[in-house]
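Chain by chain, the residues:
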Amino acid sequence: MRKKIRNKGIPGKRAETETGRPSERAPDRQTEKEHQESRSASVNDNRIKPHYTFSSDIPDMYNETYICALPRNPDWLYVYWEISPATIQQLKNRLGEHYTDPQSLLRLVQLEKSGDSIPSKSRHVSADIINIATDSESWYIKVPETGRKYIVEYGQLIDKEYIPICRTKPVDIPASSLNEPTNENIPDPAVDLMLISAGLIHKGTVKRKTAPASHDRTALIVKQLNQNRMNSGLIK
Amino acid sequence: MCSKHYIHDMSQPSKKTKGFLCLVLHAHLPFVRHPECEYMMEENWFYEALTETYLPLLSVFQNLKNDNVPFRITMSITPPLCAMFGDELLKERYSRHINKLIELAGKEVDRTIKHPEFSQPAMMYLERFSFCKMLYEDVYNRDMISAFRQLQDSGHLEIITCGATHGFLPTMQFNPNAVRAQIFTAVNSYTLCMNRSPRGIWLPECGYYPGLEKILHEAGLDFFFIDTHGVLFADPQPRYGVYAPVYCKEAPVAVFGRDMESSRQVWSAEAGYPGNPLYRDFYRDIGFDLDMDYIKPYVDPIGIRIHTGMKYYRITGKGDQKKLPYNRDLAMRTANEHAGNFMFNREKQAEYLSSIMDRNPLIVAPYDAELFGHWWYEGPEWLNYLIRKIAFEQDAIHLMTPSDYLYLYPKNQVCEPSFSSWGEGGYSDVWLREDNDWIYRHLHRIEERMVEYATKYENADGLLRRTLNQMARELLLAQSSDWAFIMKTGTMVQYAVRRTKEHIANFLRLYDDIKFSRIDENFINLLESHNNIFPEMDYHVFR
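Read top to bottom, the protein sequences are chains A and B.
The opening position of the first sequence corresponds to residue 0 in numbering that gives the first Met the number 0, with each subsequent residue numbered one higher.
The opening position of the second sequence corresponds to residue 0 in numbering that gives the first Met the number 0, with each subsequent residue numbered one higher.
Chain A on its own, in the form it takes in the complex (with noise of 0.2 angstroms):
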């Protein structure tokens, strides 16, 4: 369910396939390596020198708090943030000699769909509590439910007390699904030209007999959509 990020593994990562955009093509294999090194090395090694350059020196924190969770794709979303030394400072003179060893957490907390900001507990459908490192500043998390609005909150664990720091605006995670048609006798054609639309049939070729039943439909325009998005020879 959850994953760390900045480990060996990415998030959600999925084989790389060698169609698609089409730079990203597969081209012949020799002389694609080549013109790879030969872009890489060029960046690599000394260029001509340029009559003046700008520094590139950005900072990696910025001394404040924060936290921003960004969706993903319909399974995933991922969370960054920052907790400043005047924080950690806050909450040591608040919590004198009980600040020890804090622990820090996410807590995945599930809205109800007309939920917008507010994680009380009357708001909130469910909350996950996931164990991160302590010196972590980002993190990739699977979400239970798709097509649902969710907070992350960074809190610590600190003598066994759960303290929450911050929180991020609620993020829209996408269904992926198809929702429900505004007729429910979805009329005939209206299937024909979902199904059409999906990939699933061609101009016509496929008759309406041979069509899925309506309880199948949904189901197979969903599965289609997918693979249609994960076969890249239809990505851009």
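Don't read these hints as lab results, they were simulated from the structure.
Backbone N, C-alpha and C define an ideal beta-carbon position, used for all residues, glycine too.
Careful, some of the hints might be misleading.
[To be verified] Quick list of the computed label-pair ranges, beta carbon to beta carbon: (1) A:Gln226 x B:Gln412: 58 to 64 angstroms; (2) B:Ser196 x A:Gln226: 36 to 42 angstroms; (3) B:Gln493 x A:Lys141: 39 to 45 angstroms; (4) B:Asp152 x A:Asp127: 56 to 62 angstroms; (5) A:Leu156 x B:Lys514: 51 to 57 angstroms; (6) B:Lys514 x A:Ala218: 21 to 27 angstroms; (7) A:Gln226 x B:Phe173: 48 to 54 angstroms; (8) B:Phe173 x A:Lys141: 19 to 25 angstroms; (9) B:Glu35 x A:Thr145: 21 to 27 angstroms; (10) B:Asn458 x A:Leu156: 55 to 61 angstroms; (11) B:Gly219 x A:Ala218: 19 to 25 angstroms; (12) A:Thr145 x B:Glu269: 25 to 31 angstroms; (13) A:Gln226 x B:Asp394: 44 to 50 angstroms; (14) B:Phe391 x A:Gln226: 34 to 40 angstroms.
[What the hints assert, rightly or not] Taking lysine-lysine pairs in the DSS-like style, the calculated list, with each CA pair at most 25 angstroms apart, reads: (15) B:Lys213 x B:Lys248; (16) B:Lys64 x B:Lys388; (17) A:Lys168 x B:Lys213; (18) B:Lys90 x A:Lys48.
[As the list claims (entries may be wrong)] Covered by chain B, according to a simulated footprint, are these stretches of chain A (three or more residues, beta-carbon under 8 angstroms): (19) 83 to 93; (20) 96 to 104; (21) 170 to 177.
Chain B: place on chain A using the hints.
Chain B only, in chain A's frame:
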């Protein structure tokens, strides 16, 4: 100045029309311009695209127009590409570039004279490079924007806009001011270039999140495109699938969904046309194949091999099969056949769709413009054959733009489309992954700082105003989705990282310079001349 609701007569369908085809070409390159270096390899992206895609496409369109062939094509030309088209330094350098290519092609004609299988393509390159030079220098007077604008004004193209620097909008969604700046800056830039306001927008990477339409509507935009699943997963289900637009729930902006079938025929590397064995092979380039002593004047001056654009082989086949020489006549014949096949499939598609719809369907087929010519060398000719066939060899389908379709069918279903993109995976996976996720902490911080200053300094003038405007430029340039994409692909990563960091560092320095009242005019002068995109920039767009 033309009317915003300009509709050309040629878009009117006949009684035999069964449906409409909306070809969309998305023309984009990141802003790459390096006055600090005599030569910068990454500028070649622009020069290659001019030679292989933009000049050939203009030539195709112009010939069609001269031959009175009716056509309507939708093109997005992004603001960075417009800026590069109009930049004097890049114009001069492209002139240098094409002259070098002509010189190389001339040498190649001599070198291959005893090898007819290679002298034929060598001669072809000499002719095509010379033609590009003639077009660029003499016909268009180096003014590509005017050339495209005239095709729009004559009713052949509908040119739409894009994000200011192609920023991937779903990752900015928690700072609406940042999204607004991408959109409004783009609309302003378009208006200055095209002498009219845009009706539509190609969302960078087709990246949509629910609610974005409110900002698009504020900017006066009437339509945009998203990928198939973004429409099919809409709430409620779209009545016509992707074969008619829907209006967004939160603002009256129309959204058009991509058709899978026509995409597959062109995009798919396995089944798509560009992978045909008779077409030109992209990777076998004489920049890699010939002796370094010979080719050195035409590759990177420090001796790194690069693509020259002269490629003598056809794709031939898979695996280790020996590559066969490129034969232009065979490739053209194939392009003609493929155009016929594409048209036939669209006819059948439209016939069937119209039989089950109570209106004529619209088949939306979007492609990266650079597919045509740069990646798929025969692409512009394929397009030429396709347009002529559609005009003269059938009656079932008709080329149309989104504006035309909305004019014809102003009433459409109201839905809330789904978060989506046209990248691998269909969402944010390409631009938000372990290789590139580090950028968002910084981008979001500088977006906040820009909004802070834009709010704080309501009426800045003089040097302070210039500094704030340059901060806005640096922020927009840092947001370009190209950098995150390159970090993901694994080639040229250092350049993308450097560009991202430089723009962030420039921004932060300017922010601190204002904060501590120490603005350095020399630094501002340097940045204004170096990162000179959007000379009309007004930082208030972030308020």
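Evaluated hints:
no. : hint                                    : result
1   : A:Gln226 x B:Gln412: 58 to 64 angstroms : 26 angstroms, violated
2   : B:Ser196 x A:Gln226: 36 to 42 angstroms : 40 angstroms, holds
3   : B:Gln493 x A:Lys141: 39 to 45 angstroms : 32 angstroms, violated
4   : B:Asp152 x A:Asp127: 56 to 62 angstroms : 58 angstroms, holds
5   : A:Leu156 x B:Lys514: 51 to 57 angstroms : 37 angstroms, violated
6   : B:Lys514 x A:Ala218: 21 to 27 angstroms : 57 angstroms, violated
7   : A:Gln226 x B:Phe173: 48 to 54 angstroms : 32 angstroms, violated
8   : B:Phe173 x A:Lys141: 19 to 25 angstroms : 21 angstroms, holds
9   : B:Glu35 x A:Thr145: 21 to 27 angstroms  : 48 angstroms, violated
10  : B:Asn458 x A:Leu156: 55 to 61 angstroms : 50 angstroms, violated
11  : B:Gly219 x A:Ala218: 19 to 25 angstroms : 41 angstroms, violated
12  : A:Thr145 x B:Glu269: 25 to 31 angstroms : 29 angstroms, holds
13  : A:Gln226 x B:Asp394: 44 to 50 angstroms : 35 angstroms, violated
14  : B:Phe391 x A:Gln226: 34 to 40 angstroms : 38 angstroms, holds
15  : B:Lys213 x B:Lys248                     : 10 angstroms, holds
16  : B:Lys64 x B:Lys388                      : 15 angstroms, holds
17  : A:Lys168 x B:Lys213                     : 19 angstroms, holds
18  : B:Lys90 x A:Lys48                       : 22 angstroms, holds
19  : 83 to 93                                : violated (count 0)
20  : 96 to 104                               : violated (count 0)
21  : 170 to 177                              : holds (count 6)
Hints 1, 3, 5, 6, 7, 9, 10, 11, 13, 19 and 20 from the list above are not met by this structure, while the remaining hints are.
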